[in-house]
Amino acid sequence: DAGVIQSPRHEVTEMGQEVTLRCKPISGHNSLFWYRQTMMRGLELLIYFNNNVPIDDSGMPEDRFSAKMPNASFSTLKIQPSEPRDSAVYFCASRSGLAGGGEQFFGPGTRLTVL
Amino acid sequence: DQQVKQNSPSLSVQEGRISILNCDYTNSMFDYFLWYKKYPAEGPTFLISISSIKDKNEDGRFTVFLNKSAKHLSLHIVPSQPGDSAVYFCAAMYNNNDMRFGAGTRLTVKP
Chain A
1 DAGVIQSPRH
11 EVTEMGQEVT
21 LRCKPISGHN
31 SLFWYRQTMM
41 RGLELLIYFN
51 NNVPIDDSGM
61 PEDRFSAKMP
71 NASFSTLKIQ
81 PSEPRDSAVY
91 FCASRSGLAG
101 GGEQFFGPGT
111 RLTVL
Chain B
116 DQQVKQNSPS
126 LSVQEGRISI
136 LNCDYTNSMF
146 DYFLWYKKYP
156 AEGPTFLISI
166 SSIKDKNEDG
176 RFTVFLNKSA
186 KHLSLHIVPS
196 QPGDSAVYFC
206 AAMYNNNDMR
216 FGAGTRLTVK
226 P
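If you read the sequences in order, they're chains A and B.
Just so you know, the numbering used here puts 95 at position 95 of the first sequence, and the rest follows in order with no gaps.
Just so you know, the numbering used here puts 130 at position 15 of the second sequence, and the rest follows in order with no gaps.
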């Protein structure tokens with residue numbers, strides 16, 4: 001299994017541009033999570049999906065952020081327009097959703113730099 | 116609102132000694148706790164977990180202790196090895212829902 005796949009691994013863009021981050025969860029996992037890692041706040045949950053349906057998006061910082069999961073094997077996190085304070089590492093994680101506190105499997109992350 | 120807190124941003128330990136990483140939480144509804152380890156340029160990887168019905172779980176050199184009354188858990192690594200040098204994240208969840216992470220503690224194990 002290739003694990004959780006994220007693309008791109010690095011993204012450098014200018015303020016005001018649209019940024020789209022992509023994630024392919026592990027096959028068979030039915031929960032998908034988007035996190036943002038910053039020095040100050042560590043890992044913050046932005047949004048998560050169960051069976052492709054957004055369950056909790058209370059962590060999405062602003063309306064500039066949106067996430068979609070059109071099918072079980074693909075999700076996107078979009079920032080429009082991007083701002084320098086959005087610079088961070090964005091992780092996608094997936095989980096099988098079995099009862100009993102299943103662990104999450106993380107992708108390698110996308111390092112976003114907004115100039 | 117930081118429901119999971121790791122108050123020590125960094126910890127340095129000599130090889131062979133014990134490393135103790137601490138974590139506090141505020142939400143008494145949390146019923147499952149996990150520790151993740153993260154190397155640079157990689158995603159976090161699961162290390163060890165504990166259910167709220169237990170107070171200790173051991174896996175090789177790693178032991179997690181849970182003190183529910185104090186809303187505190189700790190990760191003990193003994194003996195520490197240079198390869199253990201990484202950032203350790205504490206995480207908590209309830210009812211098999213989303214997970215809340217602490218800010219992480221950077222552990223450095225010196226040879």
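Among the clues, some could well be false.
What the hints assert, rightly or not - Dumping the calculated DMTMM-like pairs for lysine to aspartate or glutamate here, alpha-carbon to alpha-carbon at most 20 Å:
id, chain 1, residue 1, chain 2, residue 2
1, A, K24, B, D174
2, A, K24, B, D170
3, B, K152, A, E44
4, B, K171, A, E83
5, B, K186, B, E157
6, B, K120, A, D63
7, B, K152, A, D56
8, B, K186, B, D170
9, B, K169, A, E44
10, A, K68, B, D174
Keep in mind the hints are simulated off the structure, nothing from the lab.
Given hint D56/A paired with K152/B - CA-CA distance at most 20 Å
25 Å, violated
Take the C-alpha atoms of K120/B and D63/A, compute the straight-line distance between them, and say whether it is at most 20 Å.
27 Å, violated
20 Å limit on alpha-carbon distance, applied to hinted pair K169/B and E44/A:
27 Å, violated
Is the hinted pair K171/B and E83/A satisfied, with a Cα-Cα distance of at most 20 Å?
44 Å, violated
Please work out if K186/B and D170/B have their alpha carbons no farther apart than 20 Å.
11 Å, holds
Mind checking the alpha carbons of K24/A and D170/B for me, to see if they're no more than 20 Å apart?
Distance ~36 Å between K24/A and D170/B Cα, so the pair is violated.
K186/B and E157/B: Cα distance at most 20 Å?
Violated, at about 29 Å.
20 Å limit on alpha-carbon distance, applied to hinted pair K152/B and E44/A
16 Å, holds
Proposed proximity, D174/B with K24/A (alpha carbon, max 20 Å)
30 Å, violated
Agreement of K68/A and D174/B with the hint, judged by alpha carbon distance not exceeding 20 Å:
With a Cα-Cα distance of about 38 Å, the restraint between K68/A and D174/B is violated, given a limit of 20 Å.
Hint check: violations occur at hints 1, 2, 4, 5, 6, 7, 9, 10; the rest are consistent with the structure.
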